[in-house]
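S.K.: Each chain, letter by letter, is given below.
Number of protein chains: 2
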Amino acid sequence: MVYTADWIVVQDDARTVVEHGALAVADGRVADVGPAAAVLARHPGEPVSALGEAAILPGLVDAHTHVPMSAMRGLAEDKELFAWLHEDVFPREARWEPRLLRAAAELSFAEMVRTGCTAFYDMYMLQENVFAAADAAGLRGVVGENVVRFFPQLGGATRDALFGRIRDNAAAWRGHPRLRGAVAPHAVYTTDPETLHACRDLADETGWLFGMHMSETRKETADCLAERGLRPIPYCDSLGILRADTALFHCVDVDDADLAILRGRGCTAVQNPASNMKLASGAAPVQRMLDAGVPVAIGTDGPASNNAQNMLRETWLAALLGKLSTGDPTALRAQTALDMATRGGAAAIGDPLAGRLEPGCHADFFALDLRGPGMLPVHDVVSSAVYSATGLENRLTVVAGRELYRDGEWLSIDVERVRASARQLRDWAR
Amino acid sequence: MVYTADWIVVQDDARTVVEHGALAVADGRVADVGPAAAVLARHPGEPVSALGEAAILPGLVDAHTHVPMSAMRGLAEDKELFAWLHEDVFPREARWEPRLLRAAAELSFAEMVRTGCTAFYDMYMLQENVFAAADAAGLRGVVGENVVRFFPQLGGATRDALFGRIRDNAAAWRGHPRLRGAVAPHAVYTTDPETLHACRDLADETGWLFGMHMSETRKETADCLAERGLRPIPYCDSLGILRADTALFHCVDVDDADLAILRGRGCTAVQNPASNMKLASGAAPVQRMLDAGVPVAIGTDGPASNNAQNMLRETWLAALLGKLSTGDPTALRAQTALDMATRGGAAAIGDPLAGRLEPGCHADFFALDLRGPGMLPVHDVVSSAVYSATGLENRLTVVAGRELYRDGEWLSIDVERVRASARQLRDWAR
Numbered sequence: 001m002v003y004t005a006d007w008i009v010v011q012d013d014a015r016t017v018v019e020h021g022a023l024a025v026a027d028g029r030v031a032d033v034g035p036a037a038a039v040l041a042r043h044p045g046e047p048v049s050a051l052g053e054a055a056i057l058p059g060l061v062d063a064h065t066h067v068p069m070s071a072m073r074g075l076a077e078d079k080e081l082f083a084w085l086h087e088d089v090f091p092r093e094a095r096w097e098p099r100l101l102r103a104a105a106e107l108s109f110a111e112m113v114r115t116g117c118t119a120f121y122d123m124y125m126l127q128e129n130v131f132a133a134a135d136a137a138g139l140r141g142v143v144g145e146n147v148v149r150f151f152p153q154l155g156g157a158t159r160d161a162l163f164g165r166i167r168d169n170a171a172a173w174r175g176h177p178r179l180r181g182a183v184a185p186h187a188v189y190t191t192d193p194e195t196l197h198a199c200r201d202l203a204d205e206t207g208w209l210f211g212m213h214m215s216e217t218r219k220e221t222a223d224c225l226a227e228r229g230l231r232p233i234p235y236c237d238s239l240g241i242l243r244a245d246t247a248l249f250h251c252v253d254v255d256d257a258d259l260a261i262l263r264g265r266g267c268t269a270v271q272n273p274a275s276n277m278k279l280a281s282g283a284a285p286v287q288r289m290l291d292a293g294v295p296v297a298i299g300t301d302g303p304a305s306n307n308a309q310n311m312l313r314e315t316w317l318a319a320l321l322g323k324l325s326t327g328d329p330t331a332l333r334a335q336t337a338l339d340m341a342t343r344g345g346a347a348a349i350g351d352p353l354a355g356r357l358e359p360g361c362h363a364d365f366f367a368l369d370l371r372g373p374g375m376l377p378v379h380d381v382v383s384s385a386v387y388s389a390t391g392l393e394n395r396l397t398v399v400a401g402r403e404l405y406r407d408g409e410w411l412s413i414d415v416e417r418v419r420a421s422a423r424q425l426r427d428w429a430r
Numbered sequence: 001m002v003y004t005a006d007w008i009v010v011q012d013d014a015r016t017v018v019e020h021g022a023l024a025v026a027d028g029r030v031a032d033v034g035p036a037a038a039v040l041a042r043h044p045g046e047p048v049s050a051l052g053e054a055a056i057l058p059g060l061v062d063a064h065t066h067v068p069m070s071a072m073r074g075l076a077e078d079k080e081l082f083a084w085l086h087e088d089v090f091p092r093e094a095r096w097e098p099r100l101l102r103a104a105a106e107l108s109f110a111e112m113v114r115t116g117c118t119a120f121y122d123m124y125m126l127q128e129n130v131f132a133a134a135d136a137a138g139l140r141g142v143v144g145e146n147v148v149r150f151f152p153q154l155g156g157a158t159r160d161a162l163f164g165r166i167r168d169n170a171a172a173w174r175g176h177p178r179l180r181g182a183v184a185p186h187a188v189y190t191t192d193p194e195t196l197h198a199c200r201d202l203a204d205e206t207g208w209l210f211g212m213h214m215s216e217t218r219k220e221t222a223d224c225l226a227e228r229g230l231r232p233i234p235y236c237d238s239l240g241i242l243r244a245d246t247a248l249f250h251c252v253d254v255d256d257a258d259l260a261i262l263r264g265r266g267c268t269a270v271q272n273p274a275s276n277m278k279l280a281s282g283a284a285p286v287q288r289m290l291d292a293g294v295p296v297a298i299g300t301d302g303p304a305s306n307n308a309q310n311m312l313r314e315t316w317l318a319a320l321l322g323k324l325s326t327g328d329p330t331a332l333r334a335q336t337a338l339d340m341a342t343r344g345g346a347a348a349i350g351d352p353l354a355g356r357l358e359p360g361c362h363a364d365f366f367a368l369d370l371r372g373p374g375m376l377p378v379h380d381v382v383s384s385a386v387y388s389a390t391g392l393e394n395r396l397t398v399v400a401g402r403e404l405y406r407d408g409e410w411l412s413i414d415v416e417r418v419r420a421s422a423r424q425l426r427d428w429a430r
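In order, the protein sequences belong to chains S and A.
Residue numbers for the first sequence follow my numbering, so the first one is 1 and each next one is one higher.
Residue numbers for the second sequence follow my numbering, so the first one is 1 and each next one is one higher.
Hints were generated in silico from the structure; no laboratory data involved.
Since we're looking at a predicted model, the values are computed, not measured.
Since no wrong hints were added, every one of them can be taken at face value.
Partial list, derived from the structure: chain S residues whose beta carbon lies under 10 Å from chain A:
{"hint": "1", "residue": "Glu53"}
{"hint": "2", "residue": "Glu80"}
{"hint": "3", "residue": "Thr330"}
{"hint": "4", "residue": "Ser384"}
{"hint": "5", "residue": "Ile413"}
{"hint": "6", "residue": "Asp427"}
Now the stretches of chain A that chain S is said to cover, found in silico as 3 or more residues with beta-carbon under 8 Å:
{"hint": "7", "segment": "68 to 74"}
{"hint": "8", "segment": "381 to 392"}
Every residue gets a Cβ at the ideal spot worked out from N, C-alpha and C, and that includes glycine.
Same shape as in the complex, but just chain S (with noise of 0.2 Å):
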């Protein structure tokens, strides 16, 4: 198949954007991209999919969610994290259904393939839900399983019991040409060392990635300093826990040497903007973050905290965070922003084929409407799409090759058996 649109927007090392250009797709992958009459030469007798006045861009990057917590969208809302957390938030999660966690994660899915997101990192609890939500909904993605000290929690009734369902998800998922797994261990303030070493040996042992909430508030790191005696990502260090597969979410208060160990081992740093700011965490210093060389994802935190998983609206959102936090309009431009999204998101997941559309890279992309008033004049297209979009304008998502929503139609999703078990979620949150 053959793409067309009025612009590609590569993301390539140069930063290619295409005026009037055409994108081949074979086997899941891009085979050719460039100025539509040249692609067309070059593939003769395809079926050819005009856009027209649309803009094709790589696939966003979800790099940190907790999509079963659609289930909990505006439950509780203006609240302290800790009174959030205890009073509205752990007593239902001490009582969800598999079946219904898994129908909350096909809700968070079709909210991201409506939206243009193509690839998510999920850190929740009974994972073999999401990923079976994941597999069928078309979607690529890392799904990591949450760890912490205490049990029995819902993951499994002891330690050996929650790292035996890893195990066999792990075995279970093997191979799978779009999913992959992750040793989560929560953060530092609900693991010890012990339970953090475990994890990474554990993570080594299944070929799994490895995720944690880092340095989410300042309160983390003073309870981290004066448990541990260390800031949290020295803490880790000293653990030697911290690789190049290794994501860290959230990273609000991180100082420099902080940045220094995190671009030594090669971590990737997820900056969460309308999480940390719903709750007051503050911002990460994600400019002094990418001139340290860390790469950088944006991640929704999850419908819960966000509250949607609408990653243009957390792109733009991105982008004016850093400009006000450092008080410098140059700062975080669009482009960056962009970047983040799709190149840094493909960092996160550790999938160095996502986040571009060069030939030879997954063929995962969306492309946005740009005919609705809101997106007219188009001077600069990627301003247009960090800038003005608000991520409903997207009218195909493509996986794989696969599409997956086109023109208000889901294609492997049943959009009403979604809106029906959203209200039974609603049901089951009341």
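Got chain S sorted already, so can you dock chain A onto it with the hints?
M.R.: Just chain A now, with coordinates in the frame of chain S:
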């Protein structure tokens, strides 16, 4: 006509939210609102528009915008304000043609109507074009004519010429059911005391409102202190120009003494979160304003610096910025943000019948579709509107009882003409 929907957010003093509600409209006003069964029983034989899984809310008010600047949306990004104005904006503004200026206003109005904005407070030049476009579009609003001390300018080659135009516009549009003018001196740093006095006198003479950019940056404060010996708000107050008819745009760098003046004079403050973040101006102390009893509205600052006129996106950002800037997640609650976008906007445009849906108020409203995965489930419809919606969920916009947009169709604006003129505007701006 009676509109029914799963939710009606009335925005009366009690902040009533009606589940399974109905809203009856007659003669451009709200005739009745309440539970559907009761309203329908009181209005037998009226035609019914059943919106189903939707939320009806009072129309949003974009309380500070520059609608003709849609032509420059995305033109030059990530620049310092001064460089952007002098290199990009001013050279283009010097060559406006009235025909294009009106087309650019119409483009903005198409975006507003699409995203549930029913009223606006504009500030620009040659405003007979914006009057005409707003009249045709069916929107409610205040059309402010920009005044500076430098002549010649676009609005008139001399101040007498400009003031003559304002008087002509005041005469031409006097008594319009939806539109009103404003005399809008640009800012303290582009005017002098004599100009400001003359603007105040002209507002009093014409019965127009009075609006100014105010305290947008720390530099503005420092310069005003150096030149006038007072901060911008005390300086303007010393001239006697601040009244209850006065809207002050931005108000980022304001202290408690400034707020006491605003409170005492009955002025409305209009925050512009996206523009203030994008230009790295800072965050207006909105919670402090509200605590001080100052009415606060929300504006987009127009499509050149925003880069949208999407008031739901702006309302969401206002809530998040209010939390981040205070470090308090319980500040700027969803309800407070919605209040600013509706009731606060009514204060800014000086229209007590806007911003709420009580009987007797303007029948100005919009209807959010709640069926998209990103809006499900609905635990609290105000949270859904403020924290989850992107703006494009809107499926119906009504002003003064007239439907301006419904389900993809613009009913007062020729959207194909808008698309064609957007191409002309792009070429003009290049």
